[in-house]
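**Q** Please model the complete structure; the sequences and the hints are all you need to start from.
First to last, the protein sequences are chains X, Y and P. The letter at position 296 of the first sequence is residue 296 when you use this note's numbering, and the numbering goes up by one with no holes. Each number in this note's numbering comes from the position in the second sequence (counting from 1) with 1000 added on. Each number in this note's numbering comes from the position in the third sequence (counting from 1) with 2000 added on.
Hints may contain errors.
Claimed, not checked - For lysine-lysine, the following DSS-like pairs were computed, each having C-alpha atoms within a straight-line distance of at most 27 angstroms:
hint, chain 1, residue 1, chain 2, residue 2
1, Y, K1143, X, K102
2, Y, K1152, X, K102
3, Y, K1188, X, K72
4, X, K21, Y, K1152
5, Y, K1187, X, K129
6, X, K129, Y, K1188
Since the hints were derived computationally from the structure, they do not count as laboratory data. Treat the numbers as computed from the prediction; the structure is a model and nothing was measured.
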Amino acid sequence: MAEFLRVDNLVKSFGTTTVVKGVNFTFNKGEFVSLLGPSGCGKTTILRMIAGFENPTSGSITVDGQDITHLKPNQRQLGMVFQAYALFPNLNVGDNIAFGLKIAGMPAEQRRARVEEMLKLIGLPGFEKRYPYEMSGGQQQRVALARAIAPRPRMLLLDEPLSALDAKIRVSLREEIRAIQLDLGITTIFVTHDQEEALSISDRVVVMNAGNIDQLGAPHEIYNKPATRFVATFVGHLNTIEATVASAANHQVNIDGQTVTLPSLPSGAKDNAPISLTLRPEVLSVGERAGSDIALTGTVSDVTFLGSVIRVRVALGKNIISLDTFNDQRTAPPARGDAITVSLASKDLLIL
Amino acid sequence: MTTLDTGTTAPGKKRALSFEWLGVAPFIVFAIMFLILPTLYLVGAAFVDEQGGFTLANFAGLGTPQIVAAYWISIRISGASAILGALIGLAIALALIRGKLPSGLRAAVMTFSGVASNFAGVPLAFAFISTLGRLGLATVILKFVFGIDIYKAGFNLLSFWGLTITYLYFQIPLMILIIAPAIDGLKKEWSEAASTLGATPWQFWRYVGLPILWPSFLGTLSLLFANAFGAIATAYALTGSSLNIVPILLYAQIRGDALQNPGLGAALAVGMILITGFANVIYLVISSRAERWLK
Amino acid sequence: MKQSRFWAWLVFGIGAAYFLIPLIATFEFSLRMRRGYYSFDSYASVFSDPKFQQTFTYSAVIGLLSIIVGILVVVPAVYFVRLRMAWLRPYVEFLTLLPLIIPAIILVYGYIRLYNSSSIIPFTGSAVGTDILLTFAYVTLALPYMYRAVDTGMRTIDVQTLTEAAQIAGASTPQIIGRIILPNILVAVLSGAFLTFAIVIGEFTIASLLNRPAFGPYLQNIGANRAYEPAALAIISFIITWGAMSMINLLSRFAPRTSARTD
Chain X
1 MAEFLRVDNL
11 VKSFGTTTVV
21 KGVNFTFNKG
31 EFVSLLGPSG
41 CGKTTILRMI
51 AGFENPTSGS
61 ITVDGQDITH
71 LKPNQRQLGM
81 VFQAYALFPN
91 LNVGDNIAFG
101 LKIAGMPAEQ
111 RRARVEEMLK
121 LIGLPGFEKR
131 YPYEMSGGQQ
141 QRVALARAIA
151 PRPRMLLLDE
161 PLSALDAKIR
171 VSLREEIRAI
181 QLDLGITTIF
191 VTHDQEEALS
201 ISDRVVVMNA
211 GNIDQLGAPH
221 EIYNKPATRF
231 VATFVGHLNT
241 IEATVASAAN
251 HQVNIDGQTV
261 TLPSLPSGAK
271 DNAPISLTLR
281 PEVLSVGERA
291 GSDIALTGTV
301 SDVTFLGSVI
311 RVRVALGKNI
321 ISLDTFNDQR
331 TAPPARGDAI
341 TVSLASKDLL
351 IL
Chain Y
1001 MTTLDTGTTA
1011 PGKKRALSFE
1021 WLGVAPFIVF
1031 AIMFLILPTL
1041 YLVGAAFVDE
1051 QGGFTLANFA
1061 GLGTPQIVAA
1071 YWISIRISGA
1081 SAILGALIGL
1091 AIALALIRGK
1101 LPSGLRAAVM
1111 TFSGVASNFA
1121 GVPLAFAFIS
1131 TLGRLGLATV
1141 ILKFVFGIDI
1151 YKAGFNLLSF
1161 WGLTITYLYF
1171 QIPLMILIIA
1181 PAIDGLKKEW
1191 SEAASTLGAT
1201 PWQFWRYVGL
1211 PILWPSFLGT
1221 LSLLFANAFG
1231 AIATAYALTG
1241 SSLNIVPILL
1251 YAQIRGDALQ
1261 NPGLGAALAV
1271 GMILITGFAN
1281 VIYLVISSRA
1291 ERWLK
Chain P
2001 MKQSRFWAWL
2011 VFGIGAAYFL
2021 IPLIATFEFS
2031 LRMRRGYYSF
2041 DSYASVFSDP
2051 KFQQTFTYSA
2061 VIGLLSIIVG
2071 ILVVVPAVYF
2081 VRLRMAWLRP
2091 YVEFLTLLPL
2101 IIPAIILVYG
2111 YIRLYNSSSI
2121 IPFTGSAVGT
2131 DILLTFAYVT
2141 LALPYMYRAV
2151 DTGMRTIDVQ
2161 TLTEAAQIAG
2171 ASTPQIIGRI
2181 ILPNILVAVL
2191 SGAFLTFAIV
2201 IGEFTIASLL
2211 NRPAFGPYLQ
2221 NIGANRAYEP
2231 AALAIISFII
2241 TWGAMSMINL
2251 LSRFAPRTSA
2261 RTD
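**A** In structure tokens:
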């Protein structure tokens, strides 16, 4: 896999506030990478610096061996899709898609062929003469995608392209985007604040927090082995248990009066010191189960029926944890106030 | 049975309905009495001869050289001040909103435009006499500091160009006030999308920005035209009755029946309505085709 | 980027020169009444002229009356059209735009011919009648602006929802208009009022053709007969217009912020 995009020590300050604080990464050719983070984390600013709309305060951006840090946006040969479609309202669909081709000086006959090809690709054949205001949001965004890729850009930049759409269309369009991206093999950067979106369609995910990269990795790595507490809480649901060290030597901790033995403790752990344990809701099971070496008892404090999954909140004492269990049609879900035993494998506990 | 039914259900509804009409009625009566009837009356009067019979002679009378000349100079002054005002106003508004000038400047210009667009009429004429009259400050400074005698060079404040320059003082600000919201409506993403597709700023304006502004531009243009075409106070204060423009001719007709024919006066007025109305019909046709995508 | 800012400043600079030089020149001219050095003599001369005071007062009173009539005509119409008679809206909007298309001189010509002393409604038959006609004429002139201001005000507060909320709470229609709608669109109405005042105070054409002793014809008369006073009057007029516009600006800071829906 060849290195395609390289970002070195990228910094961006607006006045006295620094929103991107020295970011480094390299993406490979044909990769689909998401920049994921809450609003204000700097992900959109990075995308806009790659597109050329913002000048980096320092650092450099290289695409395919060419330093583009100081190129104007119209010299970068990148395609971009915006959150609010940004189709040109005075041009019909065909002219919108052909815009970049026309600027590049492609003859009219070839333009028409390319537009037709693009419309087929996005599943809207015959829409050439429609105007943006005559189409739904999902259709407009697909045209925006076609417009961005029609001039065969070196890279595709997607700035929260799905967040203006309805939930159902959001899911179907993201799958469509991924399919087209795989089909064309175009290197793509996808900015989103929606962790489910990022995890579901990316080759790799960059999790950003306050201007820094907290973790860069494949979706399963991000989810299963979060590098920081921020990543763990931002990506997926996470239970936190406040415990105390019962015996540092024996790797024992005390959770609301129940003593549990762990495979290891952080090296600095001292007896009676507080310690935070975290775990995903799905690693817990109701009752004892093979492979689980820790069992805790508590009281059911709340039950939320989510369809295929039931989320049960269990009070262990002061700590309240959530656990997800599949809906079993033959047995009734636990009721509020029930005494309950939950079990887990100690290797699934994360100490952050 | 049916009478009983309406008796029990209808009154509440009926009362609410008449209440609505009571609210709208003053407006409608007012509009009919002070907008529709006077205009229709003049239209009717234009077809009546001095003996009270139907005639087209009044409109034929518009063909006399003096009246044709008056219409022609009025159209030229209104056209020139509208086109120049619209172009300059657009340039200033674009510079202000899109040219990265300090944001405080915008508020100041908007306030000033509000003032200047209403600063028409007699005082405006005084201001330009003080500036570009024979003894005006600008005339004097140009003459004695720069050695340019604009009056020797053929300039006259009481002429086509003099009046056009004066009218621009309220035409440009009016354009700025009306076009600014339209420019605000140009989304930043449109120019960004254009630039990622390889377009230069000029290409963006050529293919996207200006076409989007076009209907608003034309609409304001026709408004500016009507605005100048009907204006009389400035011209009258500036030139007395020496400049032969239609409103001044009509003014003289109303004051003292200068044309010695009330029917011809009415025809003169109808001619003015037709011209300003025509400008607005052109606008309506263009905007109804283009406005859809501004939603 | 640098280049576009240069052009922006250039355009702005030329524009600023065009708009400021006449003001400076007029002010300078107004100070030249006494030979040899600058003085405010021309202003003293204007303010001590009883005709100035009379005509200004007359125009101000007519202006106030126009504002009151304008509000009474426009506010209920906008309210009911917005609320329940949406189908009337295009027609009402067209009517309010007419004064921008039909020049004032034509309207007044129509009034004079239609409402003369021998007609059914002889407005011009008496001085008071002519004053009333002048007031109505000014309401007509200001109609597009008053309508716009009130309509914008009603849109930002979302009269529909407010009215429904008040009805649920048991309010009658007059109560709704008086206690809920009016206070909330007060700023918009006042903006329209100040704009009306700015338009009306120096109006020449209609006042002159109706032969009323208004400020506009007075200005014209001074312009034809005096040298320095016109410049002083131009500056005074500019300040009055500026004052009216500044009031609108000031008021807009107190305007209720839009409640979500803006259609």
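**Q** All the hints need checking, so say for each whether the structure fits it.
**A** Hint-by-hint comparison with the structure:
{"no.": "1", "hint": "Y:K1143 with X:K102", "in the structure": "violated (53 angstroms)"}
{"no.": "2", "hint": "Y:K1152 with X:K102", "in the structure": "violated (53 angstroms)"}
{"no.": "3", "hint": "Y:K1188 with X:K72", "in the structure": "holds (16 angstroms)"}
{"no.": "4", "hint": "X:K21 with Y:K1152", "in the structure": "violated (67 angstroms)"}
{"no.": "5", "hint": "Y:K1187 with X:K129", "in the structure": "holds (23 angstroms)"}
{"no.": "6", "hint": "X:K129 with Y:K1188", "in the structure": "holds (25 angstroms)"}
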